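Undergrad: Start from chain A and add chain B according to the hints.
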Amino acid sequence: MLRRFLRINKTKDSGVSERFGIVLFLLPTIILIGVYIIYPIIMSFWLSLYEWDGISPTKQFVKFKNWVDLLNDSVFWHSLTNNIKIIILSLLIQIPLAILIAVIIDRGGKRFDIFKSLFYLPMLMSSVAIGVLFKYVYDPQFGLISAILNLLHLENLAKDWLGDPSIALYSVIAVICWQYIPFYMIFFIAAISNIPQELYEAAKIDGATQTQYFWKIEIPLLLPSIKTACILSLIGSLKYFDLIYVMTEGGPAGATELMATYMYKSAFASFKMGYGSTIASAMFIIITTAGIIAYFATRQKEA
Amino acid sequence: MGMRKEVKKWFIAFLIVWVLIADLPFLFMAFTSFKTQMDLLTGAVWELPKQPTFSNYLTVFKGNFISYFKNSIIAVSLSVVLILLISSMSAYVFARAKFKLNSALYSLIIAGMAIPIHVTLIPIYLLTKRIGVYDNIFGLIGPYVALSLPMSVFILTEFMREIPVELEKAAKIDGCSFFRIYSDIILPLSKPALITVAIYNGTYLWNEFIFALVLTSSPSKRTLPLGIWDFQGQYGSDIPAIMAFLTLSLLPMLIAYILGQDKIIKGMMAGAVKG
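If you're matching them up, the sequences are chains A and B in order.
First residue of the first sequence: 1, per the working numbering; consecutive thereafter.
First residue of the second sequence: 1001, per the working numbering; consecutive thereafter.
It should be emphasised that the hints constitute simulated quantities derived from the structure, not laboratory data.
Keep in mind that a hint or two might mislead.
Distance condition first, Cα-Cα at most 25 Å in a straight line; then the derived DSS-like pairs of lysine-lysine [what the hints assert, rightly or not]:
1) A:K116 / B:K1266
2) B:K1191 / B:K1098
3) A:K110 / B:K1009
4) A:K204 / B:K1266
5) A:K63 / A:K272
It should be emphasised that the depicted structure is a prediction, and the values quoted were computed from it without experimental measurement.
With the rest of the complex left out, here is chain A (with noise of 0.2 Å):
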C-alpha cells in the first residue's frame, strides 16, 4: 500500500521531486522531535519560574524562587546523594563483575553458552516487575532472603531489608546490580569476542599465565569499552526512577530517595509543577555535564 502511494509521487523531473522528497521526509522527525523533545526541555524551564498547581488557570511568576528552594531544600541534596551513592557502588560492584563473569564465560568457549542465556534473563524483566518481584524476596516473612538465612542457619543475620532506612539504598542498590550485570556481561562478552585469538596463542608461546593475559592483555585492550559501560552506568545511575518508586516509593523515610522519585512527587502527588520542573531542569543540568565530563574525560585519555 506504501508503495503503491509512494508511485503517485514518481515524478519525471528528479529535482523538483528529490527537494520536495527530502522536505516531505523529514518533516515527521522534525516535528515530533519539536513537539515532544525541544519544546518540553524549554517548558520545563520556562515553568521553573512559577508557582503553580497544574489545575488552576493562573500560573504565579516567582522568578528563581524554585531554584533558591530547591539550592536550599535538604531532601533534594539528599536525593542527589543517594544517585551518587548508586554510581558509586554500581561502577564498584557491576563493572567488575560483568567482566569477571564475561572472562570466565569467554575461557569455557562454547560449552559456557547455557550460562549466558541464564545469566541474561533478569534483562527480560521490566524494572516494574523486578521491584515488585524483590519487594516480595526481600519480604522477612515469606521472602526467599530469609529463607536462605534460615537454610544457612543465619537467622539473626535477617533484616527489615526495606523497612530499614540505614539499609533500605542498598537493599535496592543491590536489586540494581541483579538487574544490570547482565547487560554489562553481554557488552563484555561481544568486546573480548573482537580480541584477536592470535594474541591469546602469542602470549601463551611467550609463558605467559592466565593471570597475566587478563591483566596484560585483555584489561588493557578493553579499556574503551570499559569506559563505554562507565559512562552508561553513570548517566544511567541519575535517572534511576521505575525500580525504586515501585519498590519503596523512596521510602522509609527518604531513604531511597531519588531526583526522579523526588521529581515525580513533588509535581504529581503534591502538585507543585513549578518545583517539580525545577527539579527535572535541574536533574538535566546535571545528567548533562555529567555526561560531557565524562564523554571528554575519556576520551582525552584514548588519545
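TA: Relative to chain A, chain B alone:
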C-alpha cells in the same frame, strides 16, 4: 570463536553460584504462583506447592490482565511501526541527500539521545491534557515515537551510509524517483538494521513505566507495566496472585527470547553502541 582455554574448577563453581543468584528469584516467582495462600503461610519457601493450583492465574485473568496486555500490544506495535517508518525516512535523507543543513540537523536530532527524558515529563503531561489525549493509548504513542527517534535515526543513518551508492545511481538512470529508491532499494537492504531498531524500541516500550504512569489513569487504558503496579496495589497481601501476574507478564519476553536469542540480545544492546 575458536577453541578456548582450559577451564578451572573454581570458574565452574563461580558460575553455578551466579546461576543461583540470577535465576532463583524466577523459580521463587514461578513456584509461589502455584501455591495457595495457605501453602505460603504454613510451608517453607522451598516447599513445592502441596497441590499446584491455577486459581491464582484465574484471579489474574478475572482482573484487567487481558485489557492491559491488549493495550500494551496496541501501544507498542503502533509505536514501533511509526518509529520504523519515520526514522527510516529521515535516515535515508541524512545518509544520502545533499543539502546545506544536513549535518547540522542530523547532529541536532541525535543529540536527543543524550537528553534525560525526565525533563520532558511534566510538559508532555500538560500538553497531553491540553490536546485531549490524556488517559488514552494514543496519548502515549506521540511521546513513545518521538523519544525513540534520535536513537533510531542514528542507527539507521549509520547503516544506510554503508549501502553502496552504485545501486541507487543505476536505479536513477533507469528513471527511479527519490521515493522509489527509498521504498524499493534502501528499505529492503536496511532490513537487519530495521529489525534491530524494532527490537530495541519494542523491548524498551514494552517495559516503559513512567510515561504510562503519568499519561493514563484508568485501568482500561493502562499498559502491562502499569497493570503490575495496579495489581500489586490492589492485591498487596495475596502474594501468590501477584507472582502469577508477574509470571504471565514475563512470558511474552521469554518466548521472544527463546525464539530469537541472538537478535533479541543484539537489539537490546543497540543502546550501548552509541558510546
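Undergrad: Checking against the hints above, which ones are violated?
TA: 4
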